[in-house]
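If you read the protein sequences in the order shown, they are chains A and B. Following our numbering, the numbering of the first sequence begins with 2 at its first residue and continues without gaps. Following our numbering, the numbering of the second sequence begins with 23 at its first residue and continues without gaps.
What the hints contain is simulated information worked out from the structure, not anything from laboratory work. Each hint should be verified, as a subset may be incorrect.
Claimed, not checked - Derived DSS-like pairs: lysine-lysine, alpha-carbon spacing no greater than 30 Å straight-line:
1. A:LYS262 - A:LYS93
2. B:LYS80 - B:LYS280
3. A:LYS93 - A:LYS70
4. B:LYS207 - A:LYS420
5. A:LYS220 - B:LYS80
6. B:LYS53 - B:LYS207
7. B:LYS68 - B:LYS80
8. A:LYS93 - A:LYS330
9. A:LYS220 - A:LYS48
10. A:LYS330 - B:LYS280
11. B:LYS406 - B:LYS431
12. B:LYS230 - A:LYS70
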Amino acid sequence: MQHTDKKSSSRRRVVITGIGAVTPLGLSMQDTWNGLVEGVSVAGPIKRFDASSFPAQMAYEIEGFRLAKDLVLQHEFPHMSDICAFAINATKEALEQANLPIAGPVSDRTSVCFGVGLKCPQLSWYDQVHLARRFDDPSLIAHIQYFPDQMSAILGRLMGAGGGITSVHTACASSGQAMGEAFEQIIAGEVDTVLTGGTDSMISPFYSTGFNLLGALSKRNDSPKTASRPFDRDRDGFVFGEGACVFVFEELEHARARGAKILGEVCGYGVTESAYRITDLHPEGTGPVEAMQMALDDAGINASEVGYINAHGTSTQLNDRIESLAITKVFGEFAKGTYVSSTKSMTGHMIAAAGAIEFAICVKALEHQVLPPSINIFNPDPDCRVNLTPGRVSSHTMSYALSNSVGFGGSNTALIAGKVNL
Amino acid sequence: MSSHDLVITGLGAVTSLATGRTSTQQSLSAKPNFRQQNDYSLANFKALPLMRDKRHLKSISHADSIGMAGVSVLLDDAGLQVGAYPSDRIGVYIGSPSPCASDNDGYRDAILASSVGNGQYDLATFARLSHEARPVTLLTGLTNNVLCYTSLLLDARGPNSNYMASAVAGQMAVINAMHRIKRGKIDLAIAGGFSFATDPIYVAMLTKHGLTQKQDGDQNYETVPFGLNPAKTGMVLSDGAAFVAIEHRSRAKDRGAKPLASLLAGGIASDGLGPMRFHADGRSILRLLKKVVAEAGISPKDVGLVVSGALGVADLDQAELHALSQFFGEEQEAPALAAPAKLWGNLLEAGGLIELALVNDIYQAGALPSALSVTLSDTKFGTKVDQSRPFVLVLRISAWGEYSCIVVKREEP
């Protein structure tokens, strides 16, 4: 593909000035990164509910989480789900790092564009309210938590967003898509600062059954820590993760003018539809191929300049094989200098938040010039013809990293992060 | 004025009043006789006869079936088939409703059998029985189903998105689609939204939050005040779908499609005060109006018609009215002001879209039909549509303090 140097054009540039995370690896971005560098898997038997009779009994669960309650107004609590709580804490961390006020003045140059997860229905609620048709049940007041834009509205208050609040849901591509749209909002000059990212948890009886019926979950219950094994020949499905990852995206000159520390640059975005099947990728990987190529074109860089790809890498047979094929179509087989990993082996599948945490890992990898390790690869799948990162963190000189996301429903996103080099 | 000459070339409307563009046009002069919430409901709607691909109904929710019916109607109205545009130049942008409890009905038997009383469940029983459900049960509740199946209908493989933003979701989809075309990312967009807001749990929940119209004594939806009236006590929720096709005028002409209106500008704004909190003076709405008019390259005096959001929540209606009054100022003659809720209720995610394709009909009539009119004292807004002011603002207001607005221009007679 021809290199078109948009980096030198007059296009507005978008930088990252804050990152916050609440993940199974840690309750902050730094703790999450530390866990990644150590190559730790924290998966274990599900504690949230008794899953011992379910075919898939494990998850990467967040432990020790405490909501920053002081950030929530009393009237907002009924609007707030558990995944909203993750997002609030991550927002606090991101805003503090960006040196922006929390719940400060509202600006029409500031927006929220967020990848929203869906609150899990509870068995008792479903049974005793929905099936029983008890429409006078007092608990119905909190049904508003099932409106995902409620959490975005709360984040909008914390961000002081007067420039619009956008809630995106395209399944596992949600936060990748939200970040891409946030990026485009700034480039287009609609706003200067966007709070973006995603939050989700699907660790529940409903979703456990639902994904298992589709054959998507690992059943390696005797070894939870090694169950999520993207690109391993013997992988048998994904393992649920949960959490939130939140960014402050900012126009470069705006960030410079207020002296903000710049953590990385958002360089390119690609988004496509596979238009194939609702749960499956096209056998030739056309959707992700087009998304990655679009992101490269948007960034104005060549494929060879990308040093690290954080793959969607769910650990299902189909995804990893086809995604690998897609990567080879864009970057070449075992492309020299381009390494691939899926950090879902350490975070689990954070669904609507997956794209956000994985893009954050790209930014940290560029900052530290290291490759996040691939863990749980005991027998590399020979059909996955990519350079997998080593099992331990390793140094790698690189300027760009790419994060892929693929969602049920066919949406594919690719986001390119650039090393701070301004 | 924008150098992009984008036009709307089709309408896929499904409401309790009408299905399809022609029926919807005719409904403008109808006198709705809605007396109760159920009259705005599509709970018994059958999408099958309208579907382009009937197989798509196998694993989607009732809400999705309303949406897919709307998309199918749109594709017929716009004369769109696979191959009309290159696949990678077609974008699909959807405003979707929040999931319904009934999306999980596939697990109903397992839940009932596993209940041991007092809100407790034998999860071993649930695990065993729930795995006898259809494998696609999870997919019924996938909120981006309509995005996916619409893409399948047109082999649309370009940029896309799915927004969950309640009353502004559908307009958000159209605005983002329009911007993608202007930025050269796509050439054709299918955009719009759908709602199933009369789901009993939605209604009950929003009623508990004080957001729905009270029906006291003999009062019913035929007699309650509509449209920016201070006596209004809440939303009248309704179901429906509304989708439009957006493309360059020249490309529409090449394929023989008839433009229904020019699409000029659009934007979103928010109060940033959190859910269900908003500025009573409508300052964010005013800011939004100024922004979209600037983007369209016009001035308030060019606007002949405003289709208000008129949510029905009295304080928000007053905020909207205040913003509109300020925007049009004291001196100039104000445009006609329409409030569509009386016709088809508050379509939530599908709201503020049908009107985009019907502006010509309203202009040709020269005045607002009574079903769209607002009867307000102390305001300068009227019902006569000034033919020399061809621009229209279509506003949406959300109870969460979020707003959207689209600027269209009527087609030349």
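The hints, checked one at a time:
no.: 1; hint: A:LYS262 - A:LYS93; in the structure: holds (17 Å)
no.: 2; hint: B:LYS80 - B:LYS280; in the structure: violated (33 Å)
no.: 3; hint: A:LYS93 - A:LYS70; in the structure: holds (11 Å)
no.: 4; hint: B:LYS207 - A:LYS420; in the structure: holds (26 Å)
no.: 5; hint: A:LYS220 - B:LYS80; in the structure: holds (28 Å)
no.: 6; hint: B:LYS53 - B:LYS207; in the structure: violated (43 Å)
no.: 7; hint: B:LYS68 - B:LYS80; in the structure: holds (13 Å)
no.: 8; hint: A:LYS93 - A:LYS330; in the structure: violated (40 Å)
no.: 9; hint: A:LYS220 - A:LYS48; in the structure: holds (16 Å)
no.: 10; hint: A:LYS330 - B:LYS280; in the structure: violated (41 Å)
no.: 11; hint: B:LYS406 - B:LYS431; in the structure: holds (17 Å)
no.: 12; hint: B:LYS230 - A:LYS70; in the structure: holds (24 Å)
When held up to the earlier numbered hints, the structure conflicts with 2, 6, 8, 10 and fits the remainder.
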